[in-house]
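J.: Quick note, the sequences are listed as chains A and B, same order.
For the first sequence, the working numbering gives the first residue as 1, with consecutive numbering after it.
For the second sequence, the working numbering gives the first residue as 1, with consecutive numbering after it.
Bear in mind the hints are in silico, worked out from the structure with no lab data behind them.
It should be emphasised that the depicted structure is a prediction, and the values quoted were computed from it without experimental measurement.
Be careful, since some hints might not be right.
Unchecked claim - One side of the interface only, derived from the structure: several residues of chain B facing chain A at Cβ under 10 Å: (1) Gln6; (2) Phe20; (3) Phe48; (4) Gln85; (5) Met88; (6) Asn100.
Note that CB positions come from ideal geometry on N, CA and C, so glycine has one too.
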Amino acid sequence: AQSVTQLGSHVSVSEGALVLLRCNYSSSVPPYLFWYVQYPNQGLQLLLKYTTGATLVKGINGFEAEFKKSETSFHLTKPSAHMSDAAEYFCAVIDGNQFYFGTGTSLTVIP
Amino acid sequence: DVKVTQSSRYLVKRTGEKVFLECVQDMDHENMFWYRQDPGLGLRLIYFSYDVKMKEKGDIPEGYSVSREKKERFSLILESASTNQTSMYLCASSLTRTANTEAFFGQGTRLTVV
């Protein structure tokens, strides 16, 4: 079975600072990887996805992630945090028709 | 855009009640999923379905059942609600079993069992 590990259940950054949320996966096959964002009392919204091709993937709201096969990682970054980025972030991998989610990272942005 | 709609945002039910959570998607997706979300535990898969009248158990099916009579609708049933089923429930859909495309989520139902 696949698994996804998100290092750090809570991350705090100052407004304007770099955001880095970590995700590592285990997969015996080429992975399809996703990052989702969840605002309070909402469902999950897709931020970006990696399927094949370019390893640096750009998403919505200025986020991007880089697939590194050698490190089995798919870390999410944003150069400058905004107050509106405060939310819960989930990394996920798909295997067949099942999704495997990390336990989430709660991002706090300090004014 | 794909839209996944859950019938209720908030529900309060009494212990022992039979509870129905409804989910409808409008993009002809084959796969549909029910998850529950609890603090520190992330999303846990309850049941999923990849076709009408088909269902598969996920990681935590105990105390739940599902129904998929039509392709667009996937219902989660709590046969006899208990307080430990108080949680956020999320429905999702995705295109097909082999497409490896993203899941689209509903807005969630926050269920409180008292």
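J.: Next step is simple, just say for each hint if it's right about the structure.
T.: So, going through the hints one by one against the coordinates:
The interface hint given for B:Gln6 holds, since its Cβ lies 8 Å from the closest Cβ of chain A, which is under the 10 Å cut-off. This hint is violated: B:Phe20 has a C-beta 19 Å from the nearest C-beta of chain A, more than the 10 Å allowed. Interface hint status for B:Phe48: upheld, as the beta-carbon distance to the closest one in chain A is roughly 7 Å, under 10 Å. For the restraint placing B:Gln85 at the interface with chain A, the shortest Cβ-Cβ distance is roughly 18 Å, beyond the 10 Å limit, so the hint is violated.
The restraint placing B:Met88 at the interface with chain A holds, with a minimum CB-CB distance near 8 Å, inside the 10 Å limit. For B:Asn100, the interface hint holds, the least distance from its beta-carbon to any beta-carbon of chain A being 5 Å, beneath 10 Å.
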